[in-house]
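S.K.: When you get a sec, could you build the whole thing from the sequences and use the hints?
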Amino acid sequence: DTEVTQTPKHLVMGMTNKKSLKCEQHMGHRAMYWYKQKAKKPPELMFVYSYEKLSINESVPSRFSPECPNSSLLNLHLHALQPEDSALYLCASSQTSRRVGQPQHFGDGTRLSIL
Amino acid sequence: AQSVTQLDSQVPVFEEAPVELRCNYSSSVSVYLFWYVQYPNQGLQLLLKYLSGSTLVKGINGFEAEFNKSQTSFHLRKPSVHISDTAEYFCAVSLANQAGTALIFGKGTTLSVSS
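Protein chains in written order, with this note's numbering: chain A, 558 to 672; chain B, 3 to 117.
Hints are computed from structural coordinates only; laboratory data are not their basis.
Any given hint might turn out to be false.
[Claimed, not checked] So the derived list for chain B, only partly shown, Cβ under 7 Å to chain A, looks like this:
| # | residue |
| --- | --- |
| 1 | L46 |
| 2 | S96 |
| 3 | A98 |
| 4 | L105 |
| 5 | F107 |
Yeah, the Cβ is synthetic: ideal placement off N, Cα and C, and Gly gets one too.
M.R.: See the structure below:
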């Protein structure tokens with residue numbers, strides 16, 4: 558069983574919809590991450606939160622809006638997405654992002670399809 | 003800049019045969035390396051990590067990897083594979099910058115085990 562829980566597992570939305578992806582971890586980790594993964598490709602980093610503050614934004618379009626309400630929760634708000642945004646969205650956490658060598662723990666992802 | 007290169011995009015192998023998945027890294031500083039596995043419709047699971055110390059690292063599910071500084075390699079091995087080992091395998095390096103740390107993934111190797 559994964560220690561990082563993502564909901565929903567699947568999401569189909571139109572280009573004008575607003576939806577949110579949720580991620581939760583109870584390992585006491587202080588760093589949380591969003592990745593985007595296209596089929597047959599490695600995960601691509603989108604955002605990093607460290608101690609509930611956004612520390613890395615990899616030039617992600619503003620139609621993706623992350624939020625970290627507390628140290629256990631991470632949301633990704635979606636609005637006006639494009640068909641090319643269809644992908645598997647993975648959440649991960651680690652003890653900290655301030656020290657190299659920290660392994661990340663991944664959820665099972667949300668498979669997003671944009672109609 | 004730090005990066006990893008996975009030398010094989012696909013590795014087909016018969017059940018109970020040994021397997022080696024190759025990964026080379028480039029780094030001018032201390033390096034921290036990981037192998038992750040991704041089963042179909044799941045997130046990434048940490049197989050093993052090299053942070054320092056012994057160059058032979060043992061992981062879960064009978065996998066091991068050897069850190070070779072002179073050859074800048076971190077190849078993953080298993081002496082006898084099972085059908086259930088069929089999955090995508092990613093080599094990754096931990097990268098630090100001013101904003102924090104992140105994982106940089108290789109392009110992945112698809113391991114296909116057949117009977």
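S.K.: Next, verify each hint and record whether it holds.
M.R.: Hint check results:
{"no.": "1", "hint": "L46", "result": "holds, 4 Å"}
{"no.": "2", "hint": "S96", "result": "holds, 5 Å"}
{"no.": "3", "hint": "A98", "result": "holds, 5 Å"}
{"no.": "4", "hint": "L105", "result": "holds, 6 Å"}
{"no.": "5", "hint": "F107", "result": "holds, 4 Å"}
Consistency note: the structure conflicts with none of the earlier hints.
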